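Q: Protein chains in written order, with the working numbering: chain A, 1 to 372; chain B, 1 to 68.
One should not assume that every hint holds.
What the hints assert, rightly or not - With a Cα cut of at most 25 Å, we get these calculated SDA-like pairs of lysine to any residue:
#  : chain 1 : residue 1 : chain 2 : residue 2
1  : A       : K250      : A       : T216
2  : B       : K43       : A       : P25
3  : B       : K43       : A       : P61
4  : B       : K43       : B       : R22
5  : B       : K43       : A       : I188
6  : B       : K43       : A       : L306
7  : B       : K43       : A       : R300
8  : B       : K43       : A       : T216
9  : A       : K250      : A       : A222
10 : B       : K43       : A       : E308
11 : B       : K43       : A       : M257
12 : B       : K43       : A       : G305
13 : B       : K43       : A       : D201
14 : B       : K43       : A       : P202
15 : B       : K43       : A       : H134
16 : B       : K43       : A       : G28
17 : B       : K43       : A       : L261
18 : B       : K43       : A       : A222
19 : B       : K43       : A       : E203
20 : B       : K43       : A       : L255
21 : B       : K43       : A       : E60
Unchecked claim - Output of the computed footprint for chain B on chain A, the stretches with three or more beta carbons under 8 Å from beta carbons of chain B:
#  : segment
22 : 10-22
23 : 32-43
24 : 120-127
Just so you know, these hints were derived from the structure itself, not from any lab. Quantities reported herein were computed from a predicted structural model and do not represent experimental measurements. Heads up, the beta-carbon is just placed ideally off N, CA and C, and yes, glycines get one too.
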Amino acid sequence: MSRRRGCGLDAGGVVVVAARVLAIPPEGILALLGERELTALTTAVAAADEAFAAAGETREPDRVCSAAAALLTALAAGRPFPRDNRAVAVAAALQLLGLHRLEPDPAFLDDLPGVLAGAPDAGELAALLRGWVHVRPSLTRGGFDVEEKMTGGGEGFAAGGFFGRFSNDARAAIVYAQEDARQLGHPIIGTEHVLCGLLHDPETPAGRALARTGITLDAVLAEIQATDRARSGRRGRVKGGHIPFSPRAKKVLELAMREALRLGDAGVGTGHILLGVIREGEGLAAQVLTRLGADLRTLRGVTTGLIEQTTPAPGVADPDGQAVIASVEALVEQRDRVAAERDALQREVERLRTALRIHGIDPDEGGASVSA
Amino acid sequence: MVLRLDPALAERLQVVADAEGRSVSDVIREAIGELIERRRRDKDFIRLLEDNLARHERVLRALRDEPS
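Extracted from the complex, chain A is given alone in its bound form (with noise of 0.2 Å):
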């Protein structure tokens, strides 16, 4: 059966954005969704998917325009959520634009209880969604805009450029790479500066991975600043904007992408990117892990463990979409799968009562009898 690409928001997606504003537990929503609000939230979904996916032609927000507008135009109608649907509605649509890196614009927003008051069909929507849409400041983290430096960083970060395919902290830990080769006075981002990267966040996989070998935010970059030194001052003064990576931390990156694909993984995490680090073996982040004590065997041993662990979910989760369909189907060939059994089975049974009859056995009779 063909696939057609969903709009990336999928009715399990949804019913965790309205467990959230309703404060009801997602299983608690499920039991409460009847025959006629399961047909409105599935409808809403598919609506969704069908606008991202007729509008192909046009550029990317344009889609996840019409998209969020046929969401939010289906459930704020069908009303399958017990109470606050407009607010469920609207959280489902930023969800979705969020997903894309998109959100509207704050004037937008504020006038938007008065425009849904108005019931406008989803094209209109749409129209007035795609004027006021821009690009998202998402993750914010200690005053430091990320998403800001992300998109200046012209290297790609738009979505289907090189990092399209990078998780969100995967992202932060490249930005937070370029920040620290700045703050080092470097030129260039290194490997050295993507091991800092990824030392920021201790709660992914490469943070705890790091963590757990003992190796420390403080350690590494002392360890940099003492190989500056050592090279009679690498340090300089760098102007703000974009900073190139050096060829081996291009070469890290590159690999974390094959190691992504290695463990078939769909997008590339900060664990990914370690492996990477651990790959190239040479570069000055390797070094310092070597020197601080680090076996990189056992890192990579542990990073992976750490990934497997972790639910592989990049940027847009369920990039092929229509994921309600695919757990169907997958119910529906199990089911097949049994049918065809059984029609094996009724026929070895009649092909075996046909022998029984060849030989003058009654199969239908209570004892065998042979008849002479």
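Following the hints, position chain B against chain A.
A: Relative to the frame of chain A, chain B by itself:
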């Protein structure tokens, strides 16, 4: 139950429901349940959701139903 699914799939879905003695709604609910689990484990998805709800709390509050 009318679903906006491929008609062939909808028909097969009905067959599954009939074969298992369940309603189509139950089969759909089970499928959505699997998707919910996947989303709950999706750290990026949850982070984005929390970020959205925090950043847009005011407008979402304005869109809630009037207390009856």
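Q: Hint by hint, say whether it matches the structure.
A: Status of the hints after comparison with the structure:
Simply put, K250 (chain A) and T216 (chain A) have alpha-carbon atoms about 23 Å apart, close enough for the 25 Å limit, and the pair holds. For the hint linking K43 (chain B) to P25 (chain A), the alpha-carbon distance of about 17 Å falls within 25 Å, and the restraint holds. Note on K43 (chain B) and P61 (chain A): the hinted pairing holds, with a Cα-Cα distance of about 24 Å set against a maximum of 25 Å. Among the hinted pairs, K43 (chain B) with R22 (chain B) is inconsistent with the structure: their alpha-carbon atoms are about 33 Å apart, more than 25 Å.
In summary, the hint linking K43 (chain B) to I188 (chain A) is not supported, as the alpha carbons are separated by about 31 Å, beyond the 25 Å threshold. At most 25 Å may separate the alpha-carbon atoms for a hinted pair to count; K43 (chain B) and L306 (chain A) meet this at roughly 14 Å. Proximity of K43 (chain B) to R300 (chain A) is assessed by CA-CA distance (about 22 Å); at most 25 Å being required, the pair is judged to hold. Note on K43 (chain B) and T216 (chain A): the hinted pairing holds, with a Cα-Cα distance of about 23 Å set against a maximum of 25 Å.
Between the alpha carbons of K250 (chain A) and A222 (chain A) the distance comes to roughly 23 Å, so the proposed pair stays at or under 25 Å and holds. At most 25 Å may separate the alpha-carbon atoms for a hinted pair to count; K43 (chain B) and E308 (chain A) meet this at roughly 14 Å. Distance hint between K43 (chain B) and M257 (chain A) is fulfilled; the C-alpha atoms sit about 20 Å from each other, no more than 25 Å. Restraint check for K43 (chain B) and G305 (chain A): satisfied, since their Cα atoms lie roughly 17 Å apart, inside the 25 Å limit.
Our distance criterion of 25 Å between C-alpha atoms is met by K43 (chain B) and D201 (chain A), whose separation comes to about 14 Å. In summary, the hint linking K43 (chain B) to P202 (chain A) is supported, as the alpha carbons are separated by about 14 Å, within the 25 Å threshold. A distance of roughly 23 Å separates the Cα atoms of K43 (chain B) and H134 (chain A); the hinted pair therefore holds under the 25 Å criterion. For the given pair, K43 (chain B) sits about 21 Å from G28 (chain A) by alpha-carbon distance, which is consistent with the 25 Å threshold.
Of the supplied pair hints, the one linking K43 (chain B) and L261 (chain A) holds, its CA atoms being roughly 20 Å apart against a limit of 25 Å. Restraint check: the Cα-Cα separation between K43 (chain B) and A222 (chain A) comes to about 32 Å, which exceeds 25 Å; the hinted pair is violated. Of the supplied pair hints, the one linking K43 (chain B) and E203 (chain A) holds, its CA atoms being roughly 11 Å apart against a limit of 25 Å. About 24 Å separates the Cα atoms of K43 (chain B) and L255 (chain A), which keeps this hinted pair within 25 Å; it holds.
For the suggested pair K43 (chain B) and E60 (chain A), the alpha carbons sit about 24 Å apart, so the restraint of at most 25 Å is met. Coverage of a stretch by a chain is defined here by at least three residues with a beta carbon nearer than 8 Å to that chain's beta carbons; for the segment 10-22 of chain A and chain B the count is 9, and the condition holds. As drawn, the segment 32-43 of chain A meets chain B at 8 residues by the rule of a beta-carbon pair under 8 Å; at three or more, the given contact holds. As drawn, the segment 120-127 of chain A meets chain B at 0 residues by the rule of a beta-carbon pair under 8 Å; below three, the given contact is violated.
In summary, the numbered hints that this structure violates are 4, 5, 18 and 24.
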